[in-house]
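Enquirer: As a plain string of letters, each chain reads:
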Amino acid sequence: NAGVTQTPKFRVLKTGQSMTLLCAQDMNHEYMYWYRQDPGMGLRLIHYSVGEGTTAKGEVPDGYNVSRLKKQNFLLGLESAAPSQTSVYFCASSSRQLNEKLFFGSGTQLSVL
Amino acid sequence: LAKTTQPISMDSYEGQEVNITCSHNNIATNDYITWYQQFPSQGPRFIIQGYKTKVTNEVASLFIPADRKSSTLSLPRVSLSDTAVYYCLVGDYGGATNKLIFGTGTLLAVQP
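Chains as they are written, first to last, in our numbering: chain A, 6 to 118; chain B, 2 to 113.
If you're looking for bench data, these hints aren't it; they were derived computationally from the structure.
No residue lacks a Cβ here, since even glycine has one placed at the ideal position from N, Cα and C.
Computed cross-link-like contacts, EDC-like style, restricted to lysine to aspartate or glutamate with a CA-CA straight-line distance of at most 20 Å:
id, chain 1, residue 1, chain 2, residue 2
1, B, Lys55, A, Glu105
2, B, Lys55, B, Glu18
3, A, Lys106, B, Glu59
4, A, Lys19, A, Asp67
Sample of chain B residues at the chain A side, in silico, Cβ under 10 Å:
id, residue
5, Tyr37
6, Ser42
7, Val86
Please put together the full structure from these sequences, using the hints given.
Expert: Structure, rendered in structure tokens:
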């Protein structure tokens with residue numbers, strides 16, 4: 006049982022390049038989330054999903070797109086990367102039970118030059 | 002969702018009890034209070050959750066006064082390995098609300 010797996014773990018992009026971060030969970034969770042964390046700051050919610058085929062905006066959605074085509078996967082896309090998107094990205098999932106705890110992945114360190 | 006306010010940092014020594022307080026003045030009736038712990042280069046992990054009064058597990062205790070406008074995470078006899086950032090979340094997530102908003106957290110530094 007791997008829990009929440011994020012790929013890749015590290016990535017360096019040039020400004021304007023695109024990429025997709027993959028989050029996979031094997032706990033059959035309905036809810037999935039993408040956060041970013043910048044130095045000295047807490048986690049900020051980018052997008053989230055309450056089920057397969059559904060997505061919604063969080064606190065800082067601009068510059069990102071997401072898709073949840075399969076229940077176990079939640080993809081985060083950067084269409085045209087900017088240096089301001091240099092950050093550590095965390096994916097999380099939780100069950101539909103009320104106030105069920107979040108399970109986090111180990112993060113993706115992204116640098117945009 | 003209710004906004005939370007925590008101290009930015011706290012210092013402690015090994016073996017001491019540490020209490021971290023979180024303010025959430027506009028907490029709603031259906032909101033629960035949840036605490037997470039984050040070590041460097043790792044994702045946060047769940048510590049404890051409560052609605053009112055006191056909750057205790059093998060890791061920590063959570064004290065919530067009657068008005069629920071604040072909560073206190075208590076870590077008994079901390080060790081160096083408890084050095085981490087601690088986040089307080091308030092909300093009824095999993096139900097109608099699914100935006101789980103983290104604040105900046107409290108950096109706890111435990112010294113020998």
